[in-house]
Amino acid sequence: MSLDKNMLSKLAVGDKHGEDSPYFEGWKAYDNNPFHPEHNPQGVIQMGLAENQLCSDLIKEWIKANPQASICTAEGIDGFSDIAVFQDYHGLKQFRQAIAAFMERARGGRVRFEEERVVMSGGATGANETLMFCLADRGDAFLVPTPYYAAFDRDLSWRTGVRIIPVECNSSNNFQVTRQALESAYLDAQETGIKIKGLILANPSNPLGTSLDRETLRTLMDFINDKQIHLVCDEIYAATVFAEPGFVSVAEMIQEMDHVNRDLIHIVYSLSKDMGLPGFRVGVVYSYNDAVVTCARRMSSFGLVSSQTQSFLAAMLSDQSFVDNFLKEVSKRVAKRHLMFTEGLKEMGVSCLRSNAGLFVLMDLRQMLKDQTFESEMALWRIIIDKVKINISPGSSFHCSEPGWFRVCFANMDEDTLQIALQRMKSFVLRDRENKNCNNKKRKSFQENLKLSFSSMTYDEHVRTPRLMSPHSPLVRT
Amino acid sequence: MGILSRKVTCNTHGQDSSYFLGWEEYEKNPYDEVNNPNGIIQMGLAENQLSFDLIESWLAKNQEAANFEREGQSIFRELALFQDYHGLPSFKNAMSGFMSENRGNRVSFDPKKLVLTAGATSANETLMFCLADPGDAFLLPTPYYPGFDRDLKWRTGVEIVPIQCTSANGFRITKSALEEAYKQAQKLNLKVKGVLITNPSNPLGTTITRTELNRVLDFVSRKNIHLVSDEIYSGTVFTSPGFISVMEVLKENKLENTDVSKRVHIVYSLSKDLGLPGFRVGVIYSNDDIVVAAATKMSSFGLISSQTQYLLSALLSDKSFTKNYLKENQTRLKNRHNKLVSGLEASGIDCLKSNAGLFCWVDMRHLLNSNTFEAEIELWKKIVYEVKLNISPGSSCHCNEPGWFRVCFANMSEETLEVALNRLKMFVYGPSSTTRSQSEHQRLKTLRKMKVSNWVFRLSFQDREPEER
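Residue numbers (my numbering), protein chains in the order written: chain V, 1 to 478; chain E, 1 to 469.
Among these hints, one or two may not hold up.
Unchecked claim - Covered stretches of chain E, going by a simulated chain V footprint (3 or more residues, C-beta under 8 Å):
(1) 37-43
(2) 61-70
(3) 78-91
(4) 302-313
Stated by the list, open to error - Simulated crosslink set (EDC-like; lysine to aspartate or glutamate; CA at most 16 Å straight-line):
(5) V/28 - E/84
(6) E/7 - V/290
(7) E/61 - E/84
(8) V/10 - E/84
(9) E/191 - E/179
(10) E/425 - E/350
(11) E/262 - V/290
Hints listed in this document are in silico derivations from the structure and should not be mistaken for laboratory results. Glycine residues also receive a C-beta, built at the ideal position from the N, C-alpha and C atoms.
So that you can see chain V by itself, here it is in the shape it has in the complex (with noise of 0.2 Å):
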């Protein structure tokens, strides 16, 4: 039951919270059907999920073997009253203290960080919000880099009235960003009376699962100083970063970059990608702006990190120990995995972008779709949904500017379950080559009789339905 919709804000009522994107409708999918091994083999199978599910096994023994670090165990509980009452959002020191030197080993101790600027947040969404409303008033924009994560609409722009500009990337140089892209859409949004607030990021990058080289900092860093707009790095998938050129924080280019305006420069971190600890809740604004400092610490009263998880992690992540082995391990892990996907769709042929990081793939499908447009996206995205049985992310949920880009997911299930996806994949993949050399021959001796092509029924009967008229909008599920 509701009310008129005038009784309530234009935010309740509108649609700007981003939810009825494909993005989430995938998710829908997978919900109502999700795959069991035992109970339920024929099930969807999530890979639009960017969970990190490889080294939840080294947490536990930490657990195991340390169960004074919970305030709830009779090895903890002196410590409860103490931790239930806490509620200062400065937050307690030693997980400020066990934060800082948790992103400091994340960047290979190249770097250090200040406790005193580790600030609070509901997670890197909340952090990303609270930048926003720190940086930017309502109808001020920021620049953004696509393809970029789906949520940022939301987290971005939502209750903010920030305005999200996107800078085009394609693939003719893996999406990289250019300076060229930057001034262009600076200039764009000048000529509209647009006040560019800023440019936001995420490094690694989220779909691309590639992370920014020296050079592509530096021409950014250059290009924000030069405009004195600020930058806002994401930088939750930094120990993810398996392979060359590794991974370079925003943080260690300040060293070497004098010249650049500290007061510009925002790191937004989180523990729900490097450690698979989603459900704690933990985002970390780290600001080199005291007046951002201040501001965001008072805001993060609307989403402070529960004292019961900041305790459990000041301990976990004061060991050095296990953190030194556990970023090892994360790197390691998430190497065989995608290792193992690139290697299982190589050998079908289908090619993904080449990438160093991540819990998730870019994968090339543009040769399957029937015509380069993203109704033809989202046409096979629901096939792959509906017949192949995989939650995969069509690239136009990710604002991506060229058609044909997938974001699949491979370190949110066992290794099996990847095997069983691959194998789905393989099928649907060599059927439609079948498909399509078997519908040339046809079409070529249809043609030869000017006769009607027999083409592919497979997408007709989807592209042809009504309701598919832009990439925002899914087909009524079958």
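With chain V's structure known, arrange chain E on it following the hints.
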């Protein structure tokens, strides 16, 4: 320096207010029985530290929940990955049950209408985002919790217009005060979207009467606006007349499933009743589907840690624990409250008669040099810096009469409370307080009280109503 947002440079966050300055002074020089016996005693923090032992003994007997285990199996991985903004079903069920228990099971709550948020701080802000646009207004009875200025206004752009309540009738909400506030909002060209009440009240420590609740419901009904009832102190009611939730009044008036009921939203939290502010457990309860859906999505910005949800779902599902806890907690609060009240009395200081909360609303008007807010701040500074007690001046709660202070009693040990009361006595009567100076003081106080009440009587007798105690 790059230009920052207006939110950074404005002070709508309210943290320059005296409420927070007192905290800062305390932080610099905190009382410690052993290490700093001359430090400032914190009486400005509405925390419930009286009943931890009950939770601790439950934990000792329920190690499974503590160890991320369920039926002998580790569920660590499950919890670590659980970030569904619909929340852990077992936790929502347990919360609904607990909220119902807090209301004597006179009303029930549907877990599907519950939204989990990072504390009541987040719940209140989220409701504003859902119910109002920037520039709209909510009416709030004064005095009110100082943090509302930040929580309701700062990032939302919503305005607060006060519903002026006065000591003439025990700060009860009157019909004319409601109408007056509404008119004032209109004068300021603000669109009123609703009324927000805190029941039991912070800082008054009183439960809202059935009459008042009916009055407010009638008002929001006629004006076609929302009612948000912040009921985070519902479990702290320790004596009659008992707690009446707006949900009960809706039921009594057979207004369930009507339009009005869809405009009533409740905020709850475990920070006060269970004394767990660090765990960041807040809740929005609404009968409106769109509000529930929108608020649920917004909760992404402040979800409750899954390990905390799991622990508390086990705790709150244990009915024998909750029943005993609620009863015992209330007894302890009552005792503490009585101790503070009688201690203040011994210093010739009265309080508003209260039956709930973790604080008393203390009447120090007779100690003011003049009936002004300057004098109130002067007195407050003396109390913080000389008497070394951090209490909250009424002006920080937007009280429209100078001389009232909120004094918390549940966030320290009984010994510390003793020390605080002795310090106050010394301040009021001087270090060599004799019975003569005590009675002189009493005489002055009575005299002033008479003057004040005559003046107040003349101005507002038409708003008086028989007290429902």
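To see whether the hints hold, each was checked on the structure:
no.	hint	in the structure
1	37-43	violated (count 0)
2	61-70	holds (count 5)
3	78-91	holds (count 5)
4	302-313	holds (count 8)
5	V/28 - E/84	holds, 12 Å
6	E/7 - V/290	holds, 15 Å
7	E/61 - E/84	violated, 29 Å
8	V/10 - E/84	violated, 24 Å
9	E/191 - E/179	holds, 14 Å
10	E/425 - E/350	holds, 13 Å
11	E/262 - V/290	violated, 44 Å
In summary, the numbered hints that this structure violates are 1, 7, 8, 11.
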